[in-house]
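**Q** Below are the chains, spelled out letter by letter.
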Amino acid sequence: MQFTAQQIGILLNGNVDGNPDVTVNELAKIEEAQAGSLSFLANPKYEPFLYQTGASVVIISEEFIPSAPVTATLIRVKDPYSAFSVLLEKYNTLKLNKTGIEEPSFIHPSAKIGEDVYVGAFAYIGAGVVIGNNCKIYPQVYIGDNVEIGNDCSFFPGVKIYYDCKIGSDVVIHAGTVIGSDGFGFAPQADGSYNKISQIGNVIIEDDVEIGSNSSIDRATMGSTIIRKGVKLDNLIQLAHNVEIGKNTVIASQTGISGSTKIGEQSIIGGQVGIVGHVSIARGTQIQAQSGINRAIEEEGKKWAGSPATTYSNQMRAQVIFNRLPELERKLEELQKKLQENINKNS
Amino acid sequence: MQFTAQQIGILLNGNVDGNPDVTVNELAKIEEAQAGSLSFLANPKYEPFLYQTGASVVIISEEFIPSAPVTATLIRVKDPYSAFSVLLEKYNTLKLNKTGIEEPSFIHPSAKIGEDVYVGAFAYIGAGVVIGNNCKIYPQVYIGDNVEIGNDCSFFPGVKIYYDCKIGSDVVIHAGTVIGSDGFGFAPQADGSYNKISQIGNVIIEDDVEIGSNSSIDRATMGSTIIRKGVKLDNLIQLAHNVEIGKNTVIASQTGISGSTKIGEQSIIGGQVGIVGHVSIARGTQIQAQSGINRAIEEEGKKWAGSPATTYSNQMRAQVIFNRLPELERKLEELQKKLQENINKNS
Amino acid sequence: MQFTAQQIGILLNGNVDGNPDVTVNELAKIEEAQAGSLSFLANPKYEPFLYQTGASVVIISEEFIPSAPVTATLIRVKDPYSAFSVLLEKYNTLKLNKTGIEEPSFIHPSAKIGEDVYVGAFAYIGAGVVIGNNCKIYPQVYIGDNVEIGNDCSFFPGVKIYYDCKIGSDVVIHAGTVIGSDGFGFAPQADGSYNKISQIGNVIIEDDVEIGSNSSIDRATMGSTIIRKGVKLDNLIQLAHNVEIGKNTVIASQTGISGSTKIGEQSIIGGQVGIVGHVSIARGTQIQAQSGINRAIEEEGKKWAGSPATTYSNQMRAQVIFNRLPELERKLEELQKKLQENINKNS
Chain P
86 MQFTAQQIGI LLNGNVDGNP DVTVNELAKI EEAQAGSLSF LANPKYEPFL
136 YQTGASVVII SEEFIPSAPV TATLIRVKDP YSAFSVLLEK YNTLKLNKTG
186 IEEPSFIHPS AKIGEDVYVG AFAYIGAGVV IGNNCKIYPQ VYIGDNVEIG
236 NDCSFFPGVK IYYDCKIGSD VVIHAGTVIG SDGFGFAPQA DGSYNKISQI
286 GNVIIEDDVE IGSNSSIDRA TMGSTIIRKG VKLDNLIQLA HNVEIGKNTV
336 IASQTGISGS TKIGEQSIIG GQVGIVGHVS IARGTQIQAQ SGINRAIEEE
386 GKKWAGSPAT TYSNQMRAQV IFNRLPELER KLEELQKKLQ ENINKNS
Chain X
86 MQFTAQQIGI LLNGNVDGNP DVTVNELAKI EEAQAGSLSF LANPKYEPFL
136 YQTGASVVII SEEFIPSAPV TATLIRVKDP YSAFSVLLEK YNTLKLNKTG
186 IEEPSFIHPS AKIGEDVYVG AFAYIGAGVV IGNNCKIYPQ VYIGDNVEIG
236 NDCSFFPGVK IYYDCKIGSD VVIHAGTVIG SDGFGFAPQA DGSYNKISQI
286 GNVIIEDDVE IGSNSSIDRA TMGSTIIRKG VKLDNLIQLA HNVEIGKNTV
336 IASQTGISGS TKIGEQSIIG GQVGIVGHVS IARGTQIQAQ SGINRAIEEE
386 GKKWAGSPAT TYSNQMRAQV IFNRLPELER KLEELQKKLQ ENINKNS
Chain H
86 MQFTAQQIGI LLNGNVDGNP DVTVNELAKI EEAQAGSLSF LANPKYEPFL
136 YQTGASVVII SEEFIPSAPV TATLIRVKDP YSAFSVLLEK YNTLKLNKTG
186 IEEPSFIHPS AKIGEDVYVG AFAYIGAGVV IGNNCKIYPQ VYIGDNVEIG
236 NDCSFFPGVK IYYDCKIGSD VVIHAGTVIG SDGFGFAPQA DGSYNKISQI
286 GNVIIEDDVE IGSNSSIDRA TMGSTIIRKG VKLDNLIQLA HNVEIGKNTV
336 IASQTGISGS TKIGEQSIIG GQVGIVGHVS IARGTQIQAQ SGINRAIEEE
386 GKKWAGSPAT TYSNQMRAQV IFNRLPELER KLEELQKKLQ ENINKNS
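Protein sequence lines correspond, in order, to chains P, X and H.
So the first sequence is residues 86 to 432, counted in the working numbering.
So the second sequence is residues 86 to 432, counted in the working numbering.
So the third sequence is residues 86 to 432, counted in the working numbering.
Misleading hints may appear alongside valid ones.
Computed far set for chain P versus chain X, every beta-carbon distance over 12 angstroms [to be verified]:
#1 P133
#2 F149
#3 D164
#4 A206
#5 A212
#6 N231
#7 K245
#8 F271
#9 P273
#10 S278
#11 K314
#12 A325
#13 Q339
#14 G377
#15 G391
#16 R409
Quick look at which bits of chain H chain X covers, simulated, 3 or more residues with Cβ under 8 angstroms [to be verified]:
#17 103–117
#18 269–282
Derived BS3-like pairs: lysine-lysine, alpha-carbon spacing no greater than 30 angstroms straight-line [to be verified]:
#19 P:K347 to X:K251
#20 X:K251 to H:K347
#21 X:K422 to X:K332
#22 P:K281 to X:K422
#23 H:K197 to P:K388
#24 X:K422 to H:K423
#25 X:K332 to P:K347
#26 X:K251 to H:K387
#27 P:K423 to X:K430
#28 P:K423 to X:K332
#29 P:K221 to H:K197
To be clear, the hints were calculated from the coordinates, so they are not data collected in a lab.
Cβ atoms here follow ideal geometry from the backbone N, Cα and C, with glycine treated the same way.
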């Protein structure tokens with residue numbers, strides 16, 4: 086994949102400033118770029134790298150005026166970062182352009198598979214599965230019976246989707262993630278043992294969702310665990326049975342959400358957060374990493390921190406004093422002593 | 086799978102009240118059920134849904150007297166929740182009734198496999214493996230050399246069991262869980278590097294254990310990591326080398342237990358808990374989610390919370406005051422001032 | 086695998102004291118060992134077991150003088166623990182000595198594979214992959230296009246390595262671990278949705294690295310996520326995009342490190358730790374389990390604890406007083422009262 090500055094200029098609708106015939110074959114950060122690389126400059130703080138970079142081509146703002154000589158060919162665009170993101174995406178699309186069925190793979194005769202789909206070797210597609218167009222089912226993926234999948238999805242190697250789950254279009258799931266494992270439901274018995282409560286629900290994932298690697302999304306006891314449109318989940322996340330994640334909510338890695346809890350739209354949840362079961366978290370809630378939420382949150386758009394969590398500002402104040410506790414105790418003891426002296430003196 | 090109210094009444098030993106010929110083909114919650122669904126009413130709080138539900142059949146208590154007209158056929162039993170649980174289980178047994186060997190799978194010629202076993206495509210069964218009757222080995226499962234497995238086990242897609250591990254009967258392991266990976270043992274060397282300590286032990290899992298998805302259970306350095314009868318583990322749990330989990334103990338997701346620690350029987354451990362290595366935790370211990378246990382617990386049946394954990398009641402009291410620390414500090418400062426004024430006045 | 090005491094004595098360059106013809110076929114702890122086992126005694130605290138052990142052979146210090154009769158054959162060496170470690174390693178090497186290509190496996194015609202390599206059934210080796218000598222690629226491993234791997238690596242079942250990653254020699258990766266999944270990068274849009282930022286970098290793992298099971302190591306946005314020589318990572322660990330882990334650093338399970346953070350050499354990080362993104366952690370840093378690091382650490386070789394973390398000693402002092410907060414508040418209230426009484430009395 087080799088392109089000239091000219092070709093990239095046309096692609097990005099930008100003006101080429103320098104040698105239009107210089108070629109590039111990779112993308113790189115401006116501070117690391119070498120000959121043959123394409124880079125970009127958006128943040129003014131990185132401008133000094135422009136005069137030292139080995140990059141052959143640099144995407145830059147229309148208005149930029151260099152303060153020293155530049156050897157790279159410049160492509161001038163309105164928004165260099167967006168233009169570069171477009172290139173990143175095109176690059177990845179070219180990289181990950183597999184199609185066709187690799188052998189051996191297992192596709193049940195009753196499964197319906199759309200056009201231009203990639204099915205990697207050792208992938209398993211069960212009975213009654215429906216897969217839309219342009220999906221990429223990487224090697225060693227498992228898709229259980231009667232799973233329905235929209236168009237343009239990518240399931241990376243080793244993704245496991247249990248039976249009856251429903252997945253929209255433009256959904257990306259990374260390697261090792263499990264969709265639809267049993268919820269954790271057991272009824273205690275008189276003899277101290279536990280009886281399994283069968284988990285017969287499913288998981289519904291709407292359009293434009295991305296889920297990282299090695300996450301676990303449990304199926305509902307009955308009904309559905311639901312991940313709404315536009316949700317982004319990181320790696321090693323736990324969603325328990327009957328959880329619902331609202332539209333465009335983002336959750337960082339290693340966070341766990343207990344059974345039947347509902348997270349509002351447009352929320353932002355940090356890493357290693359734990360949220361108790363059977364509560365609702367309001368729209369636009371922000372939760373600091375490592376927090377523990379032990380109750381419902383009703384006010385929208387607030388920021389929370391700590392375990393158990395309080396409002397972010399209260400938590401920050403309390404934490405500052407927590408670190409001064411030895412000093413606080415000393416002051417209290419001095420005060421006791423001083424008061425006693427004063428009492429003795431005046432008695 | 087379609088059943089009449091009559092058939093279900095016979096199955097549950099209940100009395101049919103209404104049209105015995107109405108048919109159902111799925112199970113649903115009473116508030117979500119539609120025509121063709123079977124539901125139940127156990128919690129009186131849900132009674133209003135009975136008069137609005139679309140369910141064709143509802144399982145209900147023998148003694149229940151409706152306070153408004155009901156369109157659904159009722160099946161009257163002693164304990165509606167238990168009766169419904171039985172149906173859930175039967176439903177799941179029918180759903181997950183695979184048997185036979187799918188191709189391509191890898192079964193070493195020296196492996197011994199019982200009757201009515203399912204081996205999914207791309208499953209790997211190593212040399213000397215012994216598998217009992219009625220086991221379900223889903224696609225892409227790996228069973229290493231000399232692993233022994235009892236009867237009626239289900240290992241969902243992508244479970245990995247390393248060599249020499251021993252697994253009882255009625256054990257369920259969910260997708261992506263790893264049994265028998267190396268314990269984390271390294272000896273520091275004079276030059277700052279670490280030498281691997283080979284981990285030659287195994288993992289023993291007794292009967293009636295269930296383990297969620299993407300958990301990691303390490304093999305012992307020597308001897309065995311042991312999960313006793315009736316233990317239930319959730320998703321993304323870490324058990325280090327030589328850990329032992331006592332009978333009927335339940336552990337929620339993302340909890341980690343460090344090397345050689347022993348957890349007593351009938352304990353209940355919340356999610357995201359961490360427990361230090363080389364300690365014993367007494368029988369019947371309860372640990373709040375996100376707690377950190379940094380020492381042995383000797384008294385049975387106590388409840389703990391916090392990181393580092395204290396007794397639950399102490400932790401609750403301290404946390405309340407933690408949140409009031411700014412106020413506490415202000416009071417202390419006022420007191421200092423007031424005392425000084427008093428001293429000045431009286432001097 | 087059966088050996089005589091004589092053979093083991095020669096192997097370890099030790100002196101046999103007792104019957105040289107007794108045979109052993111397994112390794113065991115001295116307190117659990119039975120006939121046919123080989124054990125060792127290094128820690129004097131375990132000496133009583135020597136006189137009761139069922140072990141047929143015990144490795145012991147040259148200078149050891151028994152205080153009671155011993156039935157086991159003794160092999161006397163300079164350092165019993167090291168000698169035993171050598172045996173553990175040899176035992177494991179014999180156990181895990183697979184070679185050859187199992188069928189069915191998928192090896193792209195353009196892949197280059199070294200000598201004496203094991204490729205398990207259902208393993209996938211993509212286009213342009215280069216694998217060195219003596220590597221063990223267990224069943225169901227996925228190695229994406231253009232991945233480069235050195236010599237003497239072991240990738241246990243179900244490891245997934247995405248395209249373009251580079252792995253050194255003597256690297257061990259346990260089951261279910263994912264190398265090179267996309268970093269978690271999304272740009273918020275005006276309508277509340279998020280646009281994916283393509284992650285086109287890779288992961289570089291240097292020599293002598295070991296990674297536990299079910300961990301997630303994300304690829305860089307651009308450039309590389311780097312794990313330096315000699316690093317040891319436990320299970321269920323999260324390394325985000327562009328993280329760099331310094332040489333010989335050790336990280337316990339369930340810890341997460343956010344994007345672009347750099348961890349210094351020879352650091353020791355406990356389990357369930359979280360570290361914020363875009364910071365540097367100094368060489369030789371030690372971090373207590375469950376800590377949260379929310380800023381850069383500049384001083385080398387210090388110990389940290391708490392969330393948010395402070396120096397270990399400060400944290401310990403503050404935690405002690407945290408547990409006494411109810412008492413502290415009571416004292417403060419008494420003081421208030423006493424002062425008021427004193428003021429009233431003197432006015």
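**Q** For this structure, which hints from the list above don't hold up?
**A** Checked against the structure, the hints that fail are numbers 4, 5, 6, 7, 8, 9, 10, 12, 13, 14, 15, 16, 18, 19, 20, 21, 22, 23, 25, 26 and 28, while the rest are satisfied.
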